[in-house]
Structure formats: structure tokens, C-alpha cells
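A.B. asks: Got chain P sorted already, so can you dock chain L onto it with the hints?
The listed protein sequences derive, respectively, from chains P and L.
So for the first sequence, this note's numbering puts the first residue at 25; every next one is plus one.
So for the second sequence, this note's numbering puts the first residue at 25; every next one is plus one.
It should be emphasised that the hints constitute simulated quantities derived from the structure, not laboratory data.
Treat the hints with care, since some could be wrong.
Given that identical chains are not distinguished, each listed pair holds provided it fits within a single copy or across any two copies.
[Unchecked claim] Lysine-lysine pairs mimicking DSSO-like chemistry, simulated, CA-CA at most 30 Å apart:
1. 135 - 26
2. 129 - 112
3. 68 - 189
4. 142 - 26
5. 129 - 70
6. 138 - 112
7. 68 - 138
8. 135 - 84
2 protein chains.
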Amino acid sequence: MKTAERILLTSLSLFNQRGESNVSSVDIALELDISPGNLYYHFKGKEIIVAALFDLYAQKLNSILIAARNQSLNIAEFFCFLFLLLEKAHLFRFLLHNPVDLAVKYPSIAKQYKRLIKDQESGIRRVLLTLLEEQQLNLSDEQVPQVVELIGLVFMQAQNYYWLKGQDTGEDDYMYQCLSAILFSLQPYLLTQSEQFEYLQRAIEEHNLLSDTLLTKRTD
Amino acid sequence: MKTAERILLTSLSLFNQRGESNVSSVDIALELDISPGNLYYHFKGKEIIVAALFDLYAQKLNSILIAARNQSLNIAEFFCFLFLLLEKAHLFRFLLHNPVDLAVKYPSIAKQYKRLIKDQESGIRRVLLTLLEEQQLNLSDEQVPQVVELIGLVFMQAQNYYWLKGQDTGEDDYMYQCLSAILFSLQPYLLTQSEQFEYLQRAIEEHNLLSDTLLTKRTD
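Chain P on its own, in the form it takes in the complex:
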């Protein structure tokens, strides 16, 4: 692995463990057993590392959003799509832990958050509209932006809420809580067969969403 790549991976791991503000460039160099000068040669300061990790997160998120575009998903697949987005958010969770702090400290990062939220919201909106077309879901024109915003909010901020409540968000269990909250909000608008809904509900309860069974159990 190249040094630049190793620096990013190690920084990500330290930031997730201790929070970005509690990790210095020197800590990263020490952990990698390289000199601070060598670190500086690759990344001119911590802000550059954070921005590079943000870019990586945005890339991974966008590749999921692009893959889902123009596909006609059923409700179960829609939740798998949401799960994939959540997994990436979990991977880069330090970015969502103190987003306001990071955005205030690094103005370039503030712009990245704004763009990321915009991309995520428009990607989710696009998939929702497909679900409406395919008559999997019944939402009015005014309700679509409400759902989009609610999903965005749960995605970006639920982790912090659970953490403040005292849950361990280092584990990924909270992702299923997020999905469960979204399923609750969408449930009244679902037009899918109750069998499929119950299956989805059980898969979320059992933390077993991406199993092969679900993906093959298409009923449409």
C-alpha cells in the first residue's frame, strides 16, 4: 500500500476512535511509525487529510447513488440501498460525529457537507420517485420532500442521538434502528403486499437485511 493511502486509512481509524479534534498530525505519524516531515510531504496539515477522507466518503456515497439511478427497485431493495448508504456513513463516522465543529473549524469542509447533503437528498428523491412510478409507494408531491428530509436527517444525525442516549455507536447496530425509524415513517404509504412488508420488518428486527434470501425474495 502506498504511504498516502496508509496515512488516510490510519487517520480514519484514529479519527473514528478518538474524534478528529483529539488526534494531531504527530499522533498519526507516530501510529504509522513515519516522521512528521514525511507525513507533511504527503498531506500539508490535518485539514487536507480530513478533506481527502471527506472526498473518499462522497465518492463511495455517490457510486451507490449512481448505481441506484435508473433502476426500478422494490421496497425491500430500497431498504438495502439505504443500508448501503448507512454502511458508508458508519465507515466514515467521525465526519458525522461532530459535523458542526468540523464545518466551523474548516470552511472547505462546510462546503463539502452542503454538497454531500444535496447529492444524498437528490439521489434519495430520485429513487423514491421510481417507487412512486412503480406503485410501490403512495406519496403526494408535497410529501416527497418531507420523506427525503426525514431520511437525510436520520442518516446524518441519528448516530449522535443514540450515542448521547448512551448507546455504543462504535458497533453498527444503530443502523437498523435508523432503518426501523424510516420504515415506521413510510409504512402508511406502502402499497406493497403485506407479506413483503412483514418480511422486511423481520429482516430489520433480526439485523439481517442484506442476506441473499431478501434479495432473491422479490415478489414484484
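C.D. replies: Frame of chain P; chain L shown alone:
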């Protein structure tokens, strides 16, 4: 006004404007035109000031929760109750801006968050159960905790989401966005007359929830 009280009010205003981490004890003393020694005489460090402000917030929140206890509210009054809670959160908004950061920096504050969320969730649950009893709302036993958690999440974290999106959360407009998100989630479960629902929806749209008209327009 007593010095201790003036210190708290000035700190609150500075923390809300600039964020807690960007305000030092010296800044607070300077703003009040008192010596750092005098400040220290009243509050032994910034953590004590933050903890005192947190206590004030918790007191104000609890007095609303207690007032709502044992009352049979209709849906419109329930939303006024939520609005009052949001107003207090807005008043002490620095506490919700970087909660994770504050909780990590000050372990005593972490405990206060946990207790506050617990109190808020149980207060909201109690009012929701009254709405069920009064047949204003139709939720199953499993759905009640979902709604409670969703409201708590929106209350604690929506401000940050809107801020990251680029909205000005110094103004209190976002509170109506919060109410609108909660109304959207509850709408399918409302048993109230459609007239009352439309009235509530319009009041939220027009940012005019606590007007006398709404409180006198009881239909139950």
C-alpha cells in the same frame, strides 16, 4: 441583576453566537467588564458555567413536561407543547450544536445529556399516551416508542442538519420545519377531524402556531 446571573446570561449569548469551544473564560470576563478573578470567584472554570446553563435548560424543559402531565391535550395543543420544548432548545442552542464534542470534553455534561433525553422522551411518551386514551391518535404499542424516538431525534439534531444544509438556524424558522416533519410522521395516525388537522397544518406553514386563535379553536 446579580453577577452570577449576568455571567450565565452573557455566557449563553456568547456560546450561542460563537460556539462554546470558541469562547474562553477571559472572553466572558471581558464582555462583562469584570476581572477574570471575579468570574472565577463565581464559577470555577468554563465547565461549571456550561453545567449551570445545562441545569437551567433542564429546569425549563422539565417545567413544561410537568405542566403537560395529567392534562388531556388535543392534537393542536400537543403541537403547542412541542413548540414550547423547541423554543427552550433554541434558547440554549449551543448545547445542541456540538453535543458530542461537549459530552466528550466534559464527562459531567455527558450524564446531563443522557438524563435530559430520558426525561424528554418519557415526558413526550406520557403526553402521547393521553392522546391515545382520548382517541386523538391511533398508534400500536410498538409504534409509541418509535414516535417518541423520532420526535426526540428531530428535537435534538434537526437544527444541525438544517445548519449543515446552509440554513440560518440563528433564526427560529427551523422550529416550524421540525414541527412539520413530526406532523408528517403522525398524520396517518391522527383521528382528529380533518378540519382541525388542516388548521394545524396551516398554522405550522404560516409560522403562527401559538396565536390565541389556535388555542381557543378547540373542537373537542
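A.B. asks: Give a verdict on every hint.
C.D. replies: The hints, checked one at a time:
no.: 1; hint: 135 - 26; result: within (28 Å within a copy, 43 Å between copies)
no.: 2; hint: 129 - 112; result: both (23 Å within a copy, 27 Å between copies)
no.: 3; hint: 68 - 189; result: between (37 Å within a copy, 28 Å between copies)
no.: 4; hint: 142 - 26; result: neither (32 Å within a copy, 47 Å between copies)
no.: 5; hint: 129 - 70; result: both (11 Å within a copy, 20 Å between copies)
no.: 6; hint: 138 - 112; result: both (17 Å within a copy, 27 Å between copies)
no.: 7; hint: 68 - 138; result: within (24 Å within a copy, 39 Å between copies)
no.: 8; hint: 135 - 84; result: within (18 Å within a copy, 35 Å between copies)
Hint check: a violation occurs at hint 4 only; the rest are consistent with the structure.
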